[in-house]
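Participant: Each chain, written out:
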Amino acid sequence: MSLREKVAVSGIGETNYMRGTDRTALSLTMEAALNAIADAGLSPRDIDGIIPYGLGAVAEDFVTNFGIEDLRFSATTPMGGASAVASIQCAMVAIHAGLCNHVLLALGRTGYSGVRIGARVAQMPQFRIMADYEMPSGAIAPAQIYAAMARRHMELYGTTSRHLAEIAVTTRRHALMNRNATMTKPLTVEDHQTSRLISEPFRLYDCSLESDGAAAVVISRSDIARDLAKRPIYVMAAGEGHPDSPSAITQRPDLARLGIAKCAARVFGQAGVTRADIDVAQIYDCFTYIVLCQLEDLGFCKKGEGGAFVMDGNIGLSGKLPINTHGGLLSQAHIAGMNHIVELVRQLRGEGGAAQIRGAEIGLVTGFGDMGDGALAIMRRG
Amino acid sequence: MPESTTKPLPEITADNKPYWDALSEGRLMLQRCAQCGKIRHYPRPVCDGCWSMKVEWVQASGLATVHSWTVTHHPFHQGFKTELPFTLVTVDLEEGVRLNAQTRGLDPAQLGIGQPVRIGFERVTDAITLPVIVSPV
Numbered sequence: 003m004s005l006r007e008k009v010a011v012s013g014i015g016e017t018n019y020m021r022g023t024d025r026t027a028l029s030l031t032m033e034a035a036l037n038a039i040a041d042a043g044l045s046p047r048d049i050d051g052i053i054p055y056g057l058g059a060v061a062e063d064f065v066t067n068f069g070i071e072d073l074r075f076s077a078t079t080p081m082g083g084a085s086a087v088a089s090i091q092c093a094m095v096a097i098h099a100g101l102c103n104h105v106l107l108a109l110g111r112t113g114y115s116g117v118r119i120g121a122r123v124a125q126m127p128q129f130r131i132m133a134d135y136e137m138p139s140g141a142i143a144p145a146q147i148y149a150a151m152a153r154r155h156m157e158l159y160g161t162t163s164r165h166l167a168e169i170a171v172t173t174r175r176h177a178l179m180n181r182n183a184t185m186t187k188p189l190t191v192e193d194h195q196t197s198r199l200i201s202e203p204f205r206l207y208d209c210s211l212e213s214d215g216a217a218a219v220v221i222s223r224s225d226i227a228r229d230l231a232k233r234p235i236y237v238m239a240a241g242e243g244h245p246d247s248p249s250a251i252t253q254r255p256d257l258a259r260l261g262i263a264k265c266a267a268r269v270f271g272q273a274g275v276t277r278a279d280i281d282v283a284q285i286y287d288c289f290t291y292i293v294l295c296q297l298e299d300l301g302f303c304k305k306g307e308g309g310a311f312v313m314d315g316n317i318g319l320s321g322k323l324p325i326n327t328h329g330g331l332l333s334q335a336h337i338a339g340m341n342h343i344v345e346l347v348r349q350l351r352g353e354g355g356a357a358q359i360r361g362a363e364i365g366l367v368t369g370f371g372d373m374g375d376g377a378l379a380i381m382r383r384g
Numbered sequence: 002m003p004e005s006t007t008k009p010l011p012e013i014t015a016d017n018k019p020y021w022d023a024l025s026e027g028r029l030m031l032q033r034c035a036q037c038g039k040i041r042h043y044p045r046p047v048c049d050g051c052w053s054m055k056v057e058w059v060q061a062s063g064l065a066t067v068h069s070w071t072v073t074h075h076p077f078h079q080g081f082k083t084e085l086p087f088t089l090v091t092v093d094l095e096e097g098v099r100l101n102a103q104t105r106g107l108d109p110a111q112l113g114i115g116q117p118v119r120i121g122f123e124r125v126t127d128a129i130t131l132p133v134i135v136s137p138v
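From first to last, the protein sequence lines stand for chains A and B. By the count of the numbering used here, the first sequence reaches residue 384 at its end, each step adding exactly one. By the count of the numbering used here, the second sequence reaches residue 138 at its end, each step adding exactly one.
Hint data in this document are derived by calculation from the structure and do not stem from the laboratory. The structure presented is a predicted model; accordingly, all values stated were derived computationally and were not measured. Every residue gets a Cβ at the ideal spot worked out from N, C-alpha and C, and that includes glycine. Treat the hints with care, as some may be off.
[Said to hold, decoys possible] Label-pair ranges, simulated between beta-carbon atoms:
1. Ala-310(A) with His-74(B): 38 to 46 Å
2. Ala-110(B) with Thr-196(A): 18 to 26 Å
3. Pro-255(A) with Ala-110(B): 22 to 30 Å
4. Thr-186(A) with Leu-64(B): 47 to 55 Å
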């Protein structure tokens, strides 16, 4: 049974993204959700399925705030930064099974004003092994663990900090075209190369932002989506992939291979497209290196060739694979990748503004989280 | 408050107590499946090779090689602030599993994949001793 194009993104919504707010994550999440529902031309009471991120708001909050009379489906996809894209697969299954028609995905956080990202990791059950065996030695934050992955990649394949700088600088250039990006000043390669060391080889500008804000998406049954307010953006295929040794990167057989490598061929196969068909890609970018590694794991280049792939403008707006046209987690805001889904839909609708990729018809969005979990969705303009 | 108590400490459970007890005595012990013999780390209840829950503990040689590393400069945790910068190394133990720990007396600029190192021990509290990565000689 193929799920190809059984569902479509019918609505997208965001709040303003900020670094500093006195608003709650719940309030931000509700605002983004209402924006997405209105964008689809639906009423909040039409929502009959909800996949919240799990922080900021739970399904019950939406029932309470929207007066939903018969919520038929709720779930969470606890995969950190892969959750948002993984929830597309979850919504697709629920809708195609006939459980519901309109699934709301909503993600809000006060990552800057509330509990900072580094501090919350120790309390999450998926990090129990790290908490017991690695944090006592000072391996506290994802930046440190991913840094060792990047170091290994550099040693094996000759990847350099200059390659990582290219990702940071390109992403910033895109953010400057986006009125809802929190980074508003240009970034040069030199700025990157002289920024302070966080955990080598990562410098400050290899790391994503801590942000306040929310984003939301409505996924609808395709035959209904066709009659809604906006052009439907069909989900050609979606999937999730979990790495070997997901709870301790240290024990992973291949440090330079992420979970998304396991689902990439499957999702491309189900979508019936090749890498050359992808007009635009929103790649989860908690750290520059994670972008580079995913490009390899997705099959856009061979393992070890990611450094060369990102150079020469290849990932810029007029390059062979434009990425993170909104500025990403590195320079727009860290909304855990829900902002990547929103941006992909904008691009495929032709609503990309100054950063619009001309004629973009097919694109992909990835998620990465919880030390290596991956998710991938390929979408098509309807 | 002394700094050692502000650092994160592991939760001792029935699954991992032999590991921590042995470290406190200056020995690195690993779980070996009592059915198929596969060595696993970090400590956990089930063998992923044969799904047996029978386990025995064997002493590691302490010999290892460098798999990867990072030098941390940013104060992610107040408990480690005065030690910055410090080097975390992931090592391949001779027994085939890995371990992540701070170095002692190793120059991070000289590190390379495959470099021989050895596991040392550093007492943190009465109950907890952590492994550290030291020179092989």
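Participant: Per the hint of 38 to 46 Å, is the separation of the Cβ atoms of Ala-310(A) and His-74(B) within bounds?
Facilitator: violated (28 Å)
Participant: Kindly confirm whether 47 to 55 Å is satisfied by the beta carbon distance between Thr-186(A) and Leu-64(B).
Facilitator: holds (53 Å)
Participant: Would you say the C-beta atoms of Pro-255(A) and Ala-110(B) sit inside 22 to 30 Å of each other?
Facilitator: holds (28 Å)
Participant: State, for the Cβ atoms of Ala-110(B) and Thr-196(A), whether the hinted interval 18 to 26 Å holds or is violated.
Facilitator: holds (19 Å)
The earlier numbered hint that this structure contradicts is number 1, and it is the only one.
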